[in-house]
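Build out the structure end to end from the sequences listed, making use of the hints.
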Amino acid sequence: MQQIGKNQLSILIIIFLIGSTPLFELGIKAKQDAWIAMTVAAAAGLLLTVMYIRIQKRAPEAGLAELYMMHFGKWIGGAVGLIHACWFAYESMRNVRDVGELTMMGLLTLTPKWIVMLLILSVSAYTVSKGLEVFVRIVQLLFPVAALSYLFVILLLLISRLPDISRLQPVLENGIAPVMKAAFPDLLSFPFGQMITMLVFWKYVHEKKIIGRVSYWSQAGVSLFLILMNMLIMSVLGPELSSLSALPLLEVVQLIRLANILERLDVIVTLLLFIGLYVKMTALYMASVFTFSAVTGIPYRHCVMPIALVIYASSFLEANNTYHIWIGLDVTLKIVPLLQVALPLLMLAVGIRKKYKDAKIAV
Amino acid sequence: METKGAIMNKQSAEALTPFSPSLHANVQAIRNRFGGSCDLVIRLFSSDAAPERELAIIYVDGIVDSETINESIMEPLMSLKLPQYRYQKGGKLLDALRSCVVSIGSVQEINTMDEALLYMTDGLCIILADGCAAALTADVNGGSQRAVSIAQTQTVIRGPQYGFVENIRTNISLIRRIIRSPDLHVQMHKIGKQTHSNVAVLYLHGIVNEGILKEVYRRLAAIDIDGVLESGYIEEFIQDETFTLFPTLLNTERPDSVAAALLEGRIAVLVDGTPIALMAPTTFFSFFQSPEDYYQRYDIASFVRIIRYVAYIVSMLLPALYIAVTTYHQEMLPTTLLISLAAQREGIPFPGLVEALLMEMTFEVLREAGLRMPRAIGPAISIVGALVLGQSAVQAGIVSAGMVIVVSFTAISNFVMPEFNMAATSRIIRFGFMLMAGMLGFFGIFVSVLFMLIHLTSLRSFGVPYMSPLAPGPTRQGLFRDVFIRLPWWAIVLRPLDMNLRNPKRRPNGKKPPAQRHTDKP
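These protein sequences, in sequence, are chains G and C. In this text, residue positions in the first sequence follow the numbering used here: the first is 1, and each later residue adds one. In this text, residue positions in the second sequence follow the numbering used here: the first is 1, and each later residue adds one.
Hints are computed from structural coordinates only; laboratory data are not their basis. Among the hints, a few may not be true.
Unchecked claim - Computed far set for chain G versus chain C, every beta-carbon distance over 12 Å:
| # | residue |
| --- | --- |
| 1 | R54 |
| 2 | W75 |
| 3 | W326 |
What the hints assert, rightly or not - So, partial list: chain C residues that the calculated Cβ filter (under 10 Å) puts toward chain G:
| # | residue |
| --- | --- |
| 4 | M332 |
| 5 | S448 |
| 6 | S458 |
| 7 | S468 |
| 8 | T475 |
Glycine included, C-beta positions come from ideal geometry on N, C-alpha and C.
Structure representation (structure tokens):
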């Protein structure tokens, strides 16, 4: 069986959660307190991960589909697993579409979207067909590039003295209520709740004992980074501008002007965002394939192309970018807590009643 | 040689023709088998050692050392008197000749015609005696060959200068002279139904991973081909993946490179008839290491190595980046540069992609011509290449000056690579990148680089992941001391490959041996 190491898991979680997140100024409903909303959601997200890890610990060798079938029985569990596989594919499709929209806006305004999405999805499909081991190695290769680039961008922002801390004030202008509203359920579902995807991958980790520790630390670290990026964008653009802009991070980077050479860094940042999007897209796509194949019993490699087709076809369903973002950051986020919170809670409850013993459960 | 016995065992499954007791029948059979070839030398004579019986020496002229035959075989055979053996019969006579008369190091008794033919074509001489259904072979290998000379393809400034030659025995001896240990094991194989080429597998016993060694043997044994003329034949049979542009075996013509690889726990494969040896397993990063990295000071070596990585990326991506920037992302350039580039391109009839492809193709043609042409035409080609194609193309307004600079720098970067086959990879991939950049700009480059990375990480060389120790990460601490930079020798504790070696440690610890400070003052 394919196996991944603890460093690989850690890096996978980090890049996966970064994904497309810095693309949007999340929690903008809380205005200048968006970062507080992020912090609250990140804390809640960690709690969610604790729950996921608890469920995983019951059967370390089981993936998401097996866990569902174990807890809810073969038929109901299988059906829920299929729904979840579809949801993974849907989330993956959102990232494919994001790449398409981002390219249209930032890089190639005249190139048709279908070819851009076809290419990025075929890269993804190629990765998925090579398997999890190759995927995490790619993430390992991309991680230093992404980390250094983000560091570079942050450094340039600081050098050009763009961030202004006063744009983050006044703190908690309207009390805690708007912050909470922004944090739940929207911010919890995206990006932190997406950690449920790891339920598919944890079983492949070589050392089962440390998955909890590695996951908590990685998630905590990446949450800090996301909060920082959120604060940075807000402190450069201020609440009004950030809420108006379609791609706030690009807006911020375009402001950098240094020494007549570093002027238009937005192209570089777009590529940086592509790295996150690619990793997230592939992870979700792979999770979908794993789950689908576990439920139906169809061999993994036979699922790769059909699911790619489904993802590709569905990525054209939304009419335009505004519609796409509205569905993504509004409608979807109201539904997914069902999958990210309710179902795992149910599993936890069922599990307590059934008193499972570690690892001894026959799937 | 012991290994030949092994070859014979392999062939013994087929029916072998035994010798006949009649000398003349044997001689006739051999002559017929060679079709009366003129370089087959058959010398019939009678000896004082056994005057009543006729003897014969048979060898192929040109691949044996005739002087040795005369001095060590003919002379003793014809002059020595050994009355006590006079009446001995059959194999006993051959035994006597072997132990008392023939003064050659490697003498062996054989029983079949097929063996005799194989040995003769291998440069051994056969001694037959009437009444014996057996023969003696004497190793008198010789003939003309190139002398050991300066390595041509991988030159260094500091370090040993000599390279391998075409003779496998000489090559093995060159390595033996570097690694003077009985742990250096050499296993000889014969591959090729017609050429019967000698292929030697070298490794350091006690260090090498036995599993990988077995895999090398298995893959070598599976080769079924009529002839092996160069190690490239072997490489294509034993590499892990056929459909890849990236080489998964290192090759070198330097004995010190092979010795270094053996010390690192790799396995070397030498092929008779070529000065190029193969080394496996290999990772992507081993192609960026020149032997000189280890002879120079570590800081300079590290600097040069980083330059190599940068140059490799440049040689792959620079034309693509230039196309992408000038075609799609002009806003990235500083305004003054943009204006000057635009002014250059004003009269150019082609889009950037076509212009770049044109220049790249021209350069590839020039390069291949430079390699194949007779030496005497060299200056003519360089005049045509440099002046006519470079300068005039710009003046004629076919390509822009910027493109000429880009293509030239790309070409020169490519020559930085110490390993030719890895450099060739980037030459080909470059065209793919250029096409993608011409169609989709940076996005195209991003997608194709990603494709390449996925492909790279999925490769393996004899089970060792190609991109290790970067992806997957190192399994042990200290593997990065000789990848992107080289630390001083005393700090490199581990053998660099991330595979289960029998003995992964090079030295006991990573501390510098203390230096005693002497002063001349009283």
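(request) Go through the hint on T475 (chain C) and say holds or violated, using the shortest Cβ distance to chain G against 10 Å. (result) Hint holds; T475 (chain C) Cβ to chain G Cβ min 8 Å, cut 10 Å.
(message) Given S458 (chain C) as an interface hint, is its Cβ closer than 10 Å to any Cβ of chain G?
(response) At about 5 Å, which falls below the 10 Å cut-off, the nearest Cβ of chain G leaves the hint on S458 (chain C) intact, so it holds.
(request) Find the nearest Cβ of chain C to the Cβ of R54 (chain G) and say whether that gap is larger than 12 Å. (result) Answer for R54 (chain G): holds, closest chain C Cβ roughly 28 Å.
(request) Please verify that hint: M332 (chain C), Cβ, nearest Cβ of chain G, below 10 Å or not. (result) holds, 5 Å
(message) Minimum C-beta separation from W326 (chain G) to chain C exceeding 12 Å: can you confirm that?
(response) About 25 Å separates W326 (chain G) from the closest Cβ of chain C, which puts it past 12 Å; holds.
(message) The hint names S448 (chain C) as touching chain G; please verify it with the least Cβ-Cβ distance against 10 Å.
(response) Check passed: Cβ of S448 (chain C) comes within 9 Å of chain G, closer than 10 Å.
(message) Using the nearest Cβ pair, does S468 (chain C) come within less than 10 Å of chain G?
(response) holds, 9 Å
(message) If we take the beta carbon of W75 (chain G), is the closest beta carbon in chain C still more than 12 Å away?
(response) holds, 37 Å
When each numbered hint is compared with the structure, no violation occurs for any of them.
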